[in-house]
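Novice: Please build the complete structure, drawing on both the sequences and the hints.
One line per chain: the protein sequences are A and B, in this order.
When we follow the numbering used here, the leftmost residue of the first sequence carries the number 264, and every step to the right adds one.
When we follow the numbering used here, the leftmost residue of the second sequence carries the number 4, and every step to the right adds one.
There is no bait here: all hints are sound.
A few chain B residues facing chain A, derived, Cβ under 7 Å:
#1 64
#2 72
#3 91
#4 109
If we take Cβ atoms under 10 Å as the criterion, some of the chain A residues that face chain B in the derived model are:
#5 368
#6 374
#7 375
#8 411
#9 435
#10 474
#11 484
#12 494
#13 495
#14 511
#15 520
Keep in mind the hints are simulated off the structure, nothing from the lab.
Nothing here was measured: the structure is a model prediction, and the numbers come from that model.
Positions of the beta carbon are idealized from the N, C-alpha and C atoms, including for glycine.
Given next are the chains, with one letter for each unit.
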Amino acid sequence: MTETTPVVLLVLALLLTGPAPALLARASWPLRVPRAALVLWQAVALAAVLSALGAGASAGTLVMTHPSPSWWLVVLHGAALLLTLVVTARLLWSAHTLGMALRARRRRQRHVVDLVGRSDRRAPGALVVDVERPVAYCIPGVRSRVVVSAPALDALGSDETAAVLAHERAHVRARHDLVLEGFGVLHDAFPRFVRSSVALDSAAGLVEMLADDAARRRSGAVPLARALARMADAPVPAGALGSGSVTPAVRIRRLAAAPGTSGAGGPARGGRGRLGAPAWLVAAQAYTVAAALVAVPTVAVAVPWLTALSRALLP
Amino acid sequence: MEQLWALGAPATVRQVHQALTGSRDVAYTTVMTVLDRLARKGSAEQIRDGRAYRYRPAFSRDELTAELMHEALDTVDGSDRTAALLRFVGSASADDARALREALEAVERSARDSA
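Specialist: And the structure:
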């Protein structure tokens with residue numbers, strides 16, 4: 264291990280928390296391969312945390328193993344070690360509080376929905392509630408619920424309702440809530456003035472696309488697109504979406520571009536986008552980068568760190 | 004199990020049980036357990052009446068429905084980014100109606116072409 268290791272890791276952590284998410288959020292290829300994009304987002308987040316923790320840990324070891332550390336080296340690396348501890352504590356605390364809050368709210372929602380909801384032939388497996396707006400959502404978790412409002416059922420045709428239900432069931436089945444919870448924990452762990460919601464917003468959009476893809480495979484693109492247009496058209500009170508969000512129109516346009524619009528078709532693959540690269544190639548590149556992002560910092564730190572440690576402890 | 008709303012006045016376990024047996028076969032102890040659980044979750048109020056308990060709903064159906072609605076719509080605005088619920092589609096305020104219609108037409112056209 265050299266003295267530059269902590270610095271390299273720190274720079275990497277900064278790159279992965281700042282410019283990398285900004286670039287990734289602006290890219291258009293995730294619209295075509297949302298699953299690969301989501302994996303890449305997770306890899307970026309994981310690598311950022313690992314490098315930040317590794318920077319502090321390696322700095323600490325450096326001082327420990329240094330033959331004659333000067334006072335500024337001790338102070339500098341002591342600060343780095345402290346930072347690591349603070350980051351770890353914040354992550355754990357954020358995971359705890361967010362997890363508790365989400366579970367409590369979902370438990371309450373489930374309880375209330377079970378009290379006021381009724382079943383309806385038009386929406387098998389879902390609970391119907393009599394609220395005045397057309398809405399559809401799911402309460403994720405082990406004991407999940409899919410909820411549709413009565414006005415939504417009235418507004419949608421039977422194939423459109425099936426598409427909505429398929430979308431919500433895809434969320435529930437794939438546990439998309441856990442993916443979002445992970446990004447939520449990271450988001451909440453950062454101090455308010457440096458946090459950015461780019462990753463969380465992007466992940467939320469990608470998760471919707473994945474559920475859309477599942478619903479399209481089951482019910483076809485046209486019913487899904489009609490359901491999206493009808494439900495999004497409904498007037499919704501204040502609370503504009505962030506500019507980075509995936510809007511309903513973006514989601515519908517995606518369905519037009521994707522192959523297999525007849526419904527019975529297999530997963531969207533092999534389709535050529537405007538860039539000319541086939542979707543599988545884009546996905547493969549994203550997976551490769553994701554694997555490299557997680558593996559490289561781990562190997563680069565863990566191996567020299569362990570050798571240095573063993574050399575120090577076993578003379 | 005929310006016969007309490009239908010009964011109106013605070014009801015005993017026996018009254019709820021009798022109201023239910025008209026429509027389905029359910030044990031007295033089951034009714035007692037369910038009412039007790041509702042009371043513990045705060046959805047029903049337990050009132051001591053001599054040796055028995057009377058139960059009455061703590062919230063009206065409308066109040067609970069309003070709570071659902073509030074939560075379902077709240078999860079899309081910025082105050083709470085990690086949503087407890089996953090909604091089918093959020094606010095269309097970022098799109099105008101024309102963009103939605105055009106996108107929909109494009110989907111329908113491409114479905115016709117591939118058919």
